[in-house]
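Asks: Here's the letter readout for the chains.
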Amino acid sequence: MSCMRRFCHETQSHDSLHSCMCRRSVALLLLKMSEERDPAALSGSAQTEGEEDLFVSAMESPEAARLSAEDISPSSNGPRDDDPDDPDDLFAEATEEVSLDSPERQPILSDGPSPAITPVTISPRVDVFDRSPDLDEDEEENRDTFDIQISVSDPEKVGDGMNAYMVYKVMTKTSLSIFSRDEVCVKRRFSDFLGLHSKLASKYMHMGYIVPPAPEKSIVGMTKVKVGKEDLSSVEFVEKRRSALERYLLRTVKHPALLKDPDVLQFLESSELPRAVSTQALSGAGILRMVNKAADAVNKMTIKMNESDAWFEEKQQQFENLDVQLRKLHASVESLVCHRKELSVNTASFAKSAAMLGNSEDHTALSRALSQLAEVEEKIDQLHQDQSYADFYLISELLGDYVRLITAVKGVFDQRMKAWAKWQDAQVMLQRKREAEAKLQYASKPDKLQQATDEIREWEGKVQQGERDFEQISKNIRREVGRFEKDRVKDFRVVIIKYLESLVHTQQQLIKYWEAFLPEAKAIA
Amino acid sequence: MLLCNVAADHFNNCFLILMLGAVNVDLQTDATLQVDISDALSERDKVKFTVHTKSTLPNFKQNEFSVVRQHEEFIWLHDSFVENEEYAGYIIPPAPPKPDFDASREKLQKLGEGEGSMTKEEFTKMKQELEAEYLAIFKKTVAMHEVFLCRVAAHPVLRKDLNFHVFLEYNQDLSVRGKNKKEKLEDFFKNVVKSADGVLVAGVKDVDDFFEHEKTFLLEYHNRVKDSSAKSDRMIRSHKSAADDINRIASTLYTLGTQDSTDLCKFFLKVSELFEKTRKIEARVAADEDLKLADLLKYYLRESQAAKDLLYRRGRALVDYENANKALDKARAKNKDVLQAETTQQVCCQKFEKISESAKQELIDFKTRRVAAFRKNLVELAELELKHAKGNLQLLQSCLGVLKGDT
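Quick mapping for you: the protein sequence lines, in order, are chains P and L.
Under the numbering used here, the first residue of the first sequence is numbered 1, with each subsequent residue one higher.
Under the numbering used here, the first residue of the second sequence is numbered 526, with each subsequent residue one higher.
I should point out that these hints are in silico values taken from the structure, not numbers from a laboratory.
In this text the structure is predicted, and so the values were computed from the model without any measurement.
Accuracy of the hints is not assured; some may be wrong.
Okay, derived cross-link-like pairs now, DSBU-like style, lysine-lysine, Cα gap no bigger than 30 Å in a straight line [unchecked claim]:
no. : chain 1 : residue 1 : chain 2 : residue 2
1   : P       : K157      : P       : K304
2   : P       : K352      : L       : K650
3   : P       : K328      : L       : K579
4   : L       : K805      : P       : K522
5   : L       : K650      : P       : K522
6   : P       : K522      : L       : K885
7   : P       : K498      : L       : K885
8   : L       : K579      : P       : K352
9   : L       : K751      : P       : K352
10  : P       : K254      : L       : K851
11  : L       : K635      : P       : K498
12  : P       : K379      : L       : K802
13  : L       : K765      : P       : K498
14  : L       : K791      : L       : K802
15  : L       : K664      : P       : K328
16  : L       : K805      : P       : K512
17  : P       : K352      : L       : K791
18  : P       : K422      : P       : K379
19  : L       : K579      : L       : K635
20  : L       : K650      : P       : K498
21  : L       : K795      : P       : K486
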């Protein structure tokens, strides 16, 4: 009887703030990448597919998802594709479902009515990311389908002993032309994913973009795998991680800005990736992260923001409440998963016992009926086990993901507070500089006066920039929160319906089994 | 802390009738003697049963009467049967287990203490559930006491027992106290001796095939029933825990539904409602499994022990008989105390034959009862499981229909 253990909560540094990359260097990088591709080709996939087509692509995706489900190491407990009664392998559906994308996908190629022009063409402006006015309109108008499928599969152990690690195959199938090929397959390890997240967080979080958090590290789970224990819990651990990595990538590419990010593209496409050493907990960067986190926590307590915008206050409260309830729900669902597994184990053990009882019963008809009962209970135990997997992979993991996502959302609100604080600080500084200048005027030191005037100009500029940044981040957050909520509604709806369908299936099977047993019981004479 | 007054009308509900029927299918309602428990009262640490008798037998002063009895008095009655040599050849109906509300009481107490830490709705919900659980345990214990009485009343010989009549009729307290420490210790030693002896006696091979077969069968059967009973209990407990989890999930979904600002609020509320209903069904499934399967196994665990005890008594009588034979031969050889040895041998022989005769019939009856009880319960179990699964399915499908239609 193994309950799903809570893995070690080393939450990722989704709000890591090592030095912002200079915007100019990012702009240059994007410019370079856009030169490598033909801008015209990027317009290609402005297909206006209707909803039916999306489901067609959903039909096709089972192969991709199936592939990943089947390729899992044979001792895995999850997918039961050998069960003839169960064509809709719960697992494949889980992976498939997550890779299905909504019909209302924000277009990648937005920016105005003419599809031939792409926003990825970089203008050498400094604030590259300020495309929001265009994106806002197009989100509503241009409902292109989001044609990208990602699967994470084939976990393979490389090396052995404590230096061993798992490598996953990441396959991307897409017709989007920002990708160089239709189908790419690369091998990545867990720290690569963490590295990707770390880079994205540092680039986008401070602008108010909600960057999906990466799956959590787990020292306990990983050590077991490294040590080579081929038991059930380490197999389940690998499967859980594989599934989490897949969901992480899908969420990341769903975000229109992140999809185009060069780091993401590089992650998905290039065969060699520089090792993300800075994700290790005890590396220099790791320690820096921890220090920054602590500093942030202190700052958060000291910043008292005058919230002029009720929307933000309301939203923050809502997210706070949502966080509390989701955590509670998550805990209850985890408990349910645990108890259902227990039920499955106990039912199996009862089945065996009933079979033994049937054997020792000397009345033949009763003996047969008891053996039949044992068989029914055995099938039911399998049913309970499958249901517990559904409980887990559908609901529990979704809830876990959202608990972490909401932490990211809260982080973004914190960033806005920081931007506000920075702006306020700049205003204070400006004021001080003005006072200093006024003082110098009386003291009449002409050379220092010039310096003071320069400084005033500098700080005026900073105040303006601060205000602009604050407004920009506020705007971004509004948009991001809107998108997040839409996704949330969709995710929950889809998953819950899927879950209810799994419950329906379980009940239908139960009916089948008991209906088969009833005549046997009646036949006892 | 919690007084659970169960009125008479609560009692004549299907629960009891089913329980009664579950283990005693063969008991005809014989007009000459009908016994039932018409009422029960649960006080702090004891339960008072109102035993109601209807009889046309001349031994009783009236045709219909009731007395109040406690658990210890049932045990006294049972023990008096066991100790009575006349009944050595019968399967003595197993004594009802002692009413045990400790676990339930503890839970209720903990709930009371934790009242401050949960919302009002949660508290009332949990309180209702624990009260229902308490009630269920209460009903079960009453049923088990009643089954014991009915078995005695249905047995052609035991029903005539004087102690039984006193038990039914005497409306004063029987002044039967529970065993004190000394007596309990004596009992313990007696049991040790008995089981050691039982092993010796069991080792003696029986000439009679029927009894030899029964011995082997009962030994194995008893052990397996014990195992199945324990495992079924565990299974049902897990089922209950899972149902409790669904309850909590339903509550949290409800809160989410009321708080959510998006379209999800209606969705959550609908799903919360669904889970509330399915949880009730799951709890009923666990309760029915408990009733039809676990209780059945528990009862036959006790009955098979009683049957084993019968075989032991017969085995003991056989050994005594054989020893008496040997003693007689020795006496004849020495030509000393022959008459005494002869009478002893006669007595043993009669005792043995008497026991053997009734034991055979008892064991055959036991098998018939057992098969009938299992059949009835397994059929009912399957029917109830089907009913609940269909109910569940319908709820899920209709909810799914609504939810899918909304999108």
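Asks: Confirm or reject each hint.
Replies: These are the hints, each one checked on the structure:
no.: 1; hint: K157(P) x K304(P); result: 50 Å, violated
no.: 2; hint: K352(P) x K650(L); result: 36 Å, violated
no.: 3; hint: K328(P) x K579(L); result: 57 Å, violated
no.: 4; hint: K805(L) x K522(P); result: 28 Å, holds
no.: 5; hint: K650(L) x K522(P); result: 39 Å, violated
no.: 6; hint: K522(P) x K885(L); result: 28 Å, holds
no.: 7; hint: K498(P) x K885(L); result: 60 Å, violated
no.: 8; hint: K579(L) x K352(P); result: 45 Å, violated
no.: 9; hint: K751(L) x K352(P); result: 13 Å, holds
no.: 10; hint: K254(P) x K851(L); result: 95 Å, violated
no.: 11; hint: K635(L) x K498(P); result: 37 Å, violated
no.: 12; hint: K379(P) x K802(L); result: 25 Å, holds
no.: 13; hint: K765(L) x K498(P); result: 24 Å, holds
no.: 14; hint: K791(L) x K802(L); result: 17 Å, holds
no.: 15; hint: K664(L) x K328(P); result: 35 Å, violated
no.: 16; hint: K805(L) x K512(P); result: 22 Å, holds
no.: 17; hint: K352(P) x K791(L); result: 45 Å, violated
no.: 18; hint: K422(P) x K379(P); result: 63 Å, violated
no.: 19; hint: K579(L) x K635(L); result: 43 Å, violated
no.: 20; hint: K650(L) x K498(P); result: 29 Å, holds
no.: 21; hint: K795(L) x K486(P); result: 19 Å, holds
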